Amino acid sequence: MKGDGQLIEAELKKKLGGFSLDANISDEHFICLTGKNGSGKTTLLNLIGGILTPDEGHVTLNSKRITNLLVEQRQVSIVTPESCIPHLGVDRHLVWGAKNKGLNIEHDYVREIKKSLGIGFDGRVSKLSLGMRERVALATSLIAKPELILIDEALSNIDNHTDFIGAFKNLASKAKIDVIFTTQHLEDSSQADHHYRLESGNSTRLF
Amino acid sequence: MKKLNWLKLISGLSLALLVIPVFLLLYEGFGPLRDPIGYGYDVLRSVELTLISSAIAAVLSVALFTPLAYYFARNKNSIGETLSDIPASIPHPIVGVAILVIASPLTPFGKFLLSIGINFFDSVLGLIIALTIVSAPIYIKSMQPFFQSMNIAYENYALGLGASKFRTFVSVVLPNSGRGILSASLISMSRAMSEFGSIAIVAYYVLQQPFYGVNPAPVLIFQYYAYYGLGAAVTASAVMILVSIAMMVILRLVKR
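Residue numbers (the numbering used here), protein chains in the order written: chain A, 1 to 207; chain B, 1 to 256.
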């Protein structure tokens, strides 16, 4: 049953070359993941999103085990700085995921998201600046209403990203979508409900 | 004194080895060895047949082999890749013989084709099939690095939004591959235009309208050499070189 948010439980182990990840996350709502380059943040998100397969462990989303599901079956949207459907215009892009899932497009909701996330521009997505593209990609994910959005460093190129994170958190909370986001800016964690730090592939829950 | 750039010198010599015979042929074909037979009606019809059949073969390669090139780009499959190279790496007359055997009354498939009136021998269809088989590996080899260089983040994002792999391929990968497909299909078409081995067996000439009695250009050049001697063959070759150069120019413009 869907509550205020999804309970994410991930206990994952993965060896990639000389790097070894052994991480646990068990929380809900808006979760921040920090750590230095190479600490395993992207690997962990890729394991949760299904892009990588764990050597050991499991991922559970709202009591539903998704470890062996394909990326497209997980209800988990992955957003990186390069995530987009490049040839689409902004408005078509925003509803692409929702249409794909056969959801009814609520135009008021789309307008609200555009306003809240500062999407007052148009044009082909591939021609937009990185920050604008990230806004569109994140908004598209929200409109597609997945159960979980994984944001891998896709907030840092956005102007006034502190305000943006606040707005995004509100929208995600209203839509009952949980979020895990990685960031290099430690101060971003103050907006999160929970904060995990990764160090050399090992996770620590800070709050 | 300026230091000699050995690499540049060796590269220049290597390039000369490749282009001198071509330019020599152009010079001789339109100069001392010029023979009006070499740019007569038959040659122009033959070039027309070659261009049309090679273009159709390129379109077929795009339609049939783009998904395979994408699959190879995203999944390591050395056995499949080696198998897909076979038509390009075996002597091409073998491809011609194979097509004839497959479409002959010796095989159930051939019997079936003949029973419904489909004949590969000396037909435009046979010509196009032979050209597709020998040029498709070149198309696959050109598209594979293109797909590998395409940012996989687009596909992961689409999959995360619930799109199936097929929908991701059709709605995300293909619309962003236009330039790569055009470039690879022109390379494949160029390869098809230069094919001789297989088509000399399958379609030495075509016995169908509107190309009744027309030879594909590489076969015609060989035939002119055998019947008329060097002059007509060299002039016809020079005409074909001009067509190929035009193709190369278009390819360069597309790649820019």
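A couple of the hints might just be wrong.
[To be verified] Pairs of lysine-lysine, DSS-like flavour, derived with a Cα cap of 27 Å:
| # | chain 1 | residue 1 | chain 2 | residue 2 |
| --- | --- | --- | --- | --- |
| 1 | A | Lys145 | A | Lys127 |
| 2 | A | Lys64 | B | Lys76 |
| 3 | A | Lys127 | B | Lys255 |
| 4 | A | Lys15 | B | Lys76 |
| 5 | B | Lys76 | A | Lys13 |
| 6 | A | Lys127 | B | Lys76 |
I should point out that these hints are in silico values taken from the structure, not numbers from a laboratory. Quick caveat, the model's predicted, so the values are computed rather than measured.
Inset, instruction - List, from low to high, the hint numbers that the structure doesn't satisfy. - result: 2 and 6
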